[in-house]
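The hints should help you fit chain B onto chain A, whose structure is shown.
2 protein chains.
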Amino acid sequence: MHVTMDQEGRFLTLHAEAELRFHAIWLRDNAQDTETRAPGNGQRLIALRDIPDNTRIASVEAGETMVHVTFAPEQKSVAFSVEWLIAHAYDIKARADIGWLSDEISVWDAGLQADVPTAAFPSLSEDGATLAQWVEQVARFGFGKITGGPIQEGALFQVVDFFGFVRETNYGKHFDVRTEVNPTNLAFTGLGLQAHTDNPYRDPVPTVQVLYCLESSAAGGENMVVDGFACVRRLQEETPEYFDVLAQYCARFEYAGEAGVCLTSRRPLIELAPDGELIGVRFNNRSLAAVTDVPFDKMELWYAAYRRLGEIIDDPAMEVVFRLEPGEAFVVDNTRVLHARKAYSGTGTRWLQGCYADKDGLRSTRDALFRSTQEAAE
Amino acid sequence: MHVTMDQEGRFLTLHAEAELRFHAIWLRDNAQDTETRAPGNGQRLIALRDIPDNTRIASVEAGETMVHVTFAPEQKSVAFSVEWLIAHAYDIKARADIGWLSDEISVWDAGLQADVPTAAFPSLSEDGATLAQWVEQVARFGFGKITGGPIQEGALFQVVDFFGFVRETNYGKHFDVRTEVNPTNLAFTGLGLQAHTDNPYRDPVPTVQVLYCLESSAAGGENMVVDGFACVRRLQEETPEYFDVLAQYCARFEYAGEAGVCLTSRRPLIELAPDGELIGVRFNNRSLAAVTDVPFDKMELWYAAYRRLGEIIDDPAMEVVFRLEPGEAFVVDNTRVLHARKAYSGTGTRWLQGCYADKDGLRSTRDALFRSTQEAAE
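Protein chains in written order, with my numbering: chain A, 1 to 378; chain B, 1 to 378.
One chain only, chain A, in its complex shape (with noise of 0.2 angstroms):
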């Protein structure tokens, strides 16, 4: 490996298939020695007030595999290894384009009505390797299915399980969707409901949804998903400023149906990280209180946007549907996926169990999952 640095020692360039740069500064705090980080948590153990401001590079020495650098005015010795500076270099292209996503992100329409992210309950129990690829597909594609579960009341209790941590909220750490379909109200039952993402009043959203079916003798009732982020980045290819104009201005939910409680939120449909990545979809017609951040001159703009936005969701060619039959659940990315049910077309009765749990659980568990995987295989 070839590496030279810069006279001042403001940084050096590692010659690899490209010519990447690092900052002395850089290199420093991130520096993997004992002393900057503690060995077995990783977390560091100073902070960047104990690195002299006018850190530089002293020299540099390259190995087949490390790169061996000396800090002044420390006069530190550190090693870096060749593999991982590549691995975390900053010295590329950035995205210019706005509503790009992570490779971690397939979109996907009815197209995935096929291969839906499905695994059977006892399997993720007791088989790491089912747990490690379910994670990662309900990652991917924002939702997953579950087969073969224990039908007994706080068996979603046991899906979250695998993956994190329930979210209470005023609804209680679990809430139940009981429905009796029967000729008096099927009209009512059957009006349904337009494909939304839950709670967007709350201010952190509850990340991830699960919903857990115990009963299920009425015909119809099924499950529908629509991929936010699909529907946002057509919305986008159709008519850009419509994509955004919902990202630029703030929207406003509030839920106030109960005693001692009154959440709002004031937050965009679409949601974009600084650099322009797409990382969230708030959609939700029945808790979307008037919209009072988007000046007057874009109001007409706004609503037409958050019209087509809604026309996309409701094309079946977005949806996929599937039935929840007792002992099967579904687990949604709830800053992501829109999730609806269907009319019912016969009588009976239908119960489901549902509660909230946060997706940072679900990204740990597929990431520890893979780093075991991988030393496993070393």
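With a straight-line Cα cutoff of 25 angstroms, these simulated PhoX-like cross-link-like pairs (lysine-lysine) come out: (1) B/93 with A/298; (2) B/145 with B/173; (3) A/342 with A/145; (4) B/298 with A/93; (5) B/342 with B/145; (6) A/145 with A/173; (7) A/173 with B/173.
Stretches of chain A that chain B covers, calculated by requiring three or more beta carbons in the stretch to come under 8 angstroms of a beta carbon on chain B: (8) 25–35; (9) 47–53; (10) 296–309.
With beta-carbon atoms standing in for the labels, derived distance ranges: (11) A/311 with B/40: 28 to 38 angstroms; (12) A/93 with B/45: 44 to 54 angstroms; (13) B/122 with A/377: 57 to 67 angstroms; (14) B/215 with A/222: 50 to 60 angstroms; (15) A/258 with B/61: 29 to 39 angstroms.
Hint data in this document are derived by calculation from the structure and do not stem from the laboratory.
We put the CB at the ideal spot given by N, CA and C, even for glycine.
Then chain B, alone, in the frame of chain A:
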């Protein structure tokens, strides 16, 4: 009240102290009649798809306190209160300043030392007005203290019950911070920690933290809090490009210090809403991972900004210090206020229990208590 409409029926103008225009589509979507909004819980019963695309104002009639609008083509008449319209007016100049703050928030520095928001545990349990005032202050200042609580394990959950729900994590429903301070380890525990926000490697972060004291026989070990919003606004005043670079690029955080856990996040140190509202600060030297989303030509600027922000955070002029005695606790908004522990100066033991919760519950409790006070007064 004088109200006019434009020739096409696209909007009406309320001639109040200022002229306030409201679009037909906005008015129709925000109608408060019982066909549009559920009388019980206030949730919207229709979606935008149920409102004609070519909705316009057919006629408008103004009374003293109400405005009656008839919409075409539905031929639907809806009454709006003038008070509600003025409260929800959006025909106003948008905020142009980056880093603006909601009126609900007051920034502070060491000057708040004598006025730490504090309430007695028994009063919070028994007196709605005390609870209302305390949660308003915690939401406003981002932290608050409780005195006179029970000295028993798990009492911190009673603190959470005042306003919300515990956010369980891989650290459990709660965690214990026990310190034996003696001459042998005094030097080590005396190191102290730089002020930080907790768990920035989680996404969503736990937005509230509770720390509850059960034992405190060692001298020193005071708790210290710093207003992250005040710090980043000071950074902005001193060097606007420092503020901007920390807001425009994502940092990365990681914690993989125990089996089965690999938590990672990609978020900026300074988080803004799309319209520039300051909504979050993340600062934690221990769990900052290699920052790879800042381009090469901005990295030295980013590090200079990060260093200066750390210096401001370390400035005693920014900090409020208090000591927790057994039965005392503090609550902190973990999206805004940094906390730390000062060094110990004597031998003894110290035992705190901590847990996480969420801010939406805090704000909901505040607003619900305010609403019930208003209703009682009417």
